[in-house]
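Participant: Taken in order, these protein sequences are the chains called A and B.
For the first sequence, position 84 (counting from the first letter as 1) is numbered 84 according to this note's numbering, and the numbering increases by one without interruption.
For the second sequence, position 145 (counting from the first letter as 1) is numbered 420 according to this note's numbering, and the numbering increases by one without interruption.
Quick caveat, the hints were computed from the structure, so don't treat them as lab data.
Small disclaimer: the values here were computed from a predicted structure and weren't measured.
Do not rely on the hints blindly, as some may be mistaken.
[To be verified] Reference listing, derived: stretches of chain B covered by chain A, where coverage requires no fewer than 3 residues with Cβ under 8 Å from a Cβ of chain A:
(1) 357-364
(2) 375-388
(3) 391-398
(4) 418-432
(5) 482-492
[Claimed, not checked] Derived Cβ-Cβ restraints for the label pairs, each shown as a range:
(6) A:R171 with B:H458: 31 to 41 Å
(7) B:D416 with A:T253: 24 to 34 Å
(8) A:G136 with B:L333: 36 to 46 Å
(9) B:H340 with A:T96: 45 to 55 Å
(10) A:T253 with B:I298: 48 to 58 Å
(11) A:T253 with B:A396: 39 to 49 Å
(12) A:E81 with B:D302: 22 to 32 Å
(13) A:W59 with B:A396: 45 to 55 Å
(14) B:S487 with A:E81: 42 to 52 Å
The beta carbon of each residue, even a glycine, is placed where N, CA and C say it ideally should be.
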Amino acid sequence: MLELFTYDFMQRSLMAAAMVGSLCSVIGVFVVLRGLAFVGAGTSHAAFAGVTLGYLIGWPPLALAILFGLSTVWISGWVEEKGRMKLDVSIGILYTATMALAILFIGLMKTYNAEVYGYLFGSVLSVTGEELRIIGGLAILVLGLIVAFSKELYFIAFDQEMAEASGIPARRIFFLLLTLVALTVVVALKTVGAILVFAMILIPASTAYQLTHSLRTLTLYSVIIGASTSLGGVILSAAWDVPSGPAIVLLATAVFFISLLASPKGFKAGPGHTH
Amino acid sequence: MLTDSRQPIIRFDHASFGFPGVIALKDISLSIYAGEFVGVIGPNGSGKTTLCRAVLGLMAPMEGHLHIFDCACEQLRCHHRAKIGYLPQKGVVDRNFPVTVLETVMMGRYGALGLFRRPGAKDREIAMDALTHVAMDRHKDTALGSLSGGQQQRVFIARALAQQPKVLLLDEPTTGLDITMQHNVIELVQHLHDELKLTVLLITHDINMIRSRVDRLVLLKTWLYAAGPPSDVLKPDILSQVYGKDLVISGKDVVIVEDYHHPH
Numbered sequence: 001m002l003e004l005f006t007y008d009f010m011q012r013s014l015m016a017a018a019m020v021g022s023l024c025s026v027i028g029v030f031v032v033l034r035g036l037a038f039v040g041a042g043t044s045h046a047a048f049a050g051v052t053l054g055y056l057i058g059w060p061p062l063a064l065a066i067l068f069g070l071s072t073v074w075i076s077g078w079v080e081e082k083g084r085m086k087l088d089v090s091i092g093i094l095y096t097a098t099m100a101l102a103i104l105f106i107g108l109m110k111t112y113n114a115e116v117y118g119y120l121f122g123s124v125l126s127v128t129g130e131e132l133r134i135i136g137g138l139a140i141l142v143l144g145l146i147v148a149f150s151k152e153l154y155f156i157a158f159d160q161e162m163a164e165a166s167g168i169p170a171r172r173i174f175f176l177l178l179t180l181v182a183l184t185v186v187v188a189l190k191t192v193g194a195i196l197v198f199a200m201i202l203i204p205a206s207t208a209y210q211l212t213h214s215l216r217t218l219t220l221y222s223v224i225i226g227a228s229t230s231l232g233g234v235i236l237s238a239a240w241d242v243p244s245g246p247a248i249v250l251l252a253t254a255v256f257f258i259s260l261l262a263s264p265k266g267f268k269a270g271p272g273h274t275h
Numbered sequence: 276m277l278t279d280s281r282q283p284i285i286r287f288d289h290a291s292f293g294f295p296g297v298i299a300l301k302d303i304s305l306s307i308y309a310g311e312f313v314g315v316i317g318p319n320g321s322g323k324t325t326l327c328r329a330v331l332g333l334m335a336p337m338e339g340h341l342h343i344f345d346c347a348c349e350q351l352r353c354h355h356r357a358k359i360g361y362l363p364q365k366g367v368v369d370r371n372f373p374v375t376v377l378e379t380v381m382m383g384r385y386g387a388l389g390l391f392r393r394p395g396a397k398d399r400e401i402a403m404d405a406l407t408h409v410a411m412d413r414h415k416d417t418a419l420g421s422l423s424g425g426q427q428q429r430v431f432i433a434r435a436l437a438q439q440p441k442v443l444l445l446d447e448p449t450t451g452l453d454i455t456m457q458h459n460v461i462e463l464v465q466h467l468h469d470e471l472k473l474t475v476l477l478i479t480h481d482i483n484m485i486r487s488r489v490d491r492l493v494l495l496k497t498w499l500y501a502a503g504p505p506s507d508v509l510k511p512d513i514l515s516q517v518y519g520k521d522l523v524i525s526g527k528d529v530v531i532v533e534d535y536h537h538p539h
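Can you make the complete structure from the sequences, with help from the hints?
Facilitator: Printed below as a string of structure tokens:
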């Protein structure tokens with residue numbers, strides 16, 4: 001078993017899993033508190049469309065994933081700001097439209113491309129050194145922005161109108177949050193795949209939510225749960241020769257259900273939003 | 276016409292507010308002076324919350340002007356907003372949010388701190404002072420969601436105080452509270468007004484609760500119907516025009532007939 005850790009691919013995988021698990025669990029705190037669950041799901045599918053276009057036309061897939069992801073959240077945020085429709089509705093439309101594009105792009109490919117399906121289902125064990133550097137760079141950027149704007153992000157998650165009334169540029173901070181969600185999705189795409197990436201954002205924060213009443217400890221618990229379940233999932237994946245994405249997500253889900261039973265809040269309080 | 280030599284800190288000058296195609300407040304001219312305790316009353320949809328949002332800088336005037344601290348706050352990014360402590364309506368905030376009492380009150384410091392600056396020991400001290408003012412300091416590490424409705428209102432008032440405001444703006448602070456809690460909250464607001472010399476702008480449906488406490492009442496129904504001492508505003512002919520119902524005014528109480536039940 002310990003021999004596994006001597007392999008380069010395993011070391012790269014563990015580093016990628018730790019980074020992605022930590023990053024997703026931090027941004028997940030704001031997603032859960034602000035009630036943006038569907039935004040993450042929609043963004044991950046939009047990013048996957050970017051990946052497929054990249055492979056189709058020979059452009060960098062991650063760059064196009066970022067472009068598609070950001071376009072989706074910015075357009076949806078702009079439509080909501082103009083009062084045309086709710087964020088969930090516009091995300092839902094773009095979610096299905098970009099998924100349709102992804103299927104179209106795959107259909108236009110002349111040959112079967114296994115790497116595309118790696119982005120759909122996740123393949124952390126095949127992360128390359130270059131991909132690891134890209135993941136690391138994006139993770140540092142996103143975490144840096146979260147740290148820099150953490151008090152504003154917490155405030156808009158709690159009460160956006162109050163934050164605006166207090167002189168905080170709440171709308172801009174909200175767009176920053178949407179941007180960070182999109183970037184995080186792209187960072188995690190290779191590791192757990194477009195279908196499961198959102199679980200990595202949602203589950204650790206929701207698990208931590210069951211265990212604390214404090215904002216500070218919520219983030220700390222979420223990171224611990226996110227990083228440890230990601231690392232544990234990779235190890236289980238390699239040891240039992242099962243796909244890594246599902247191994248990570250199912251382990252995180254198991255921890256979530258345990259937290260429900262252990263929660264000092266009981267079953268009364270869940271992530272809710274009254275805005 | 277009466278004139279006032281004092282400098283107003285909030286001044287509506289023929290200001291109208293609303294959305295495209297909808298006028299919520301029309302041609303409002305009103306001055307609020309430092310140290311005043313002003314109650315804003317009116318039926319549902321009369322523009323009370325719009326007035327509140329305008330003062331907070333969340334809505335710009337469609338016509339006319341709004342000056343706050345002698346600044347034309349049509350520019351919604353005006354820094355003067357940090358001087359207005361705001362208590363939103365109950366129900367606007369998610370009360371199950373995982374946050375402690377002290378963390379909630381610390382948020383009152385964020386606007387004053389500005390971007391990139393972290394709250395420090397001084398901010399924590401200010402937040403604790405605010406909690407002491409509302410007698411909630413011993414609950415600082417308690418989960419907000421585990422407190423009663425009245426205690427939560429006290430915490431939100433403390434958050435507003437942590438801004439070190441000049442003006443306290445309260446939007447229906449007693450809604451959803453039982454009678455005892457309602458009195459406690461209004462007494463606390465009165466106490467803060469007296470002790471900290473805060474200008475208080477209190478929006479409410481409950482005329483009886485505030486009529487003996489406020490310096491002036493402002494009566495809205497899209498237009499400004501009346502503004503002045505309660506004895507001048509709470510007259511059957513004025514209130515009937517606004518509420519469209521008969522009134523019973525006896526002793527200290529004003530009763531809108533639809534809500535009034537004769538004792539058997």
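Participant: Does each hint fit the structure? Answer for all of them.
Facilitator: Results for each hint:
no., hint, verdict
1, 357-364, "holds (count 4)"
2, 375-388, "holds (count 9)"
3, 391-398, "holds (count 3)"
4, 418-432, "holds (count 4)"
5, 482-492, "violated (count 0)"
6, A:R171 with B:H458: 31 to 41 Å, "holds (38 Å)"
7, B:D416 with A:T253: 24 to 34 Å, "holds (31 Å)"
8, A:G136 with B:L333: 36 to 46 Å, "holds (41 Å)"
9, B:H340 with A:T96: 45 to 55 Å, "holds (47 Å)"
10, A:T253 with B:I298: 48 to 58 Å, "holds (52 Å)"
11, A:T253 with B:A396: 39 to 49 Å, "holds (41 Å)"
12, A:E81 with B:D302: 22 to 32 Å, "holds (29 Å)"
13, A:W59 with B:A396: 45 to 55 Å, "holds (51 Å)"
14, B:S487 with A:E81: 42 to 52 Å, "holds (44 Å)"
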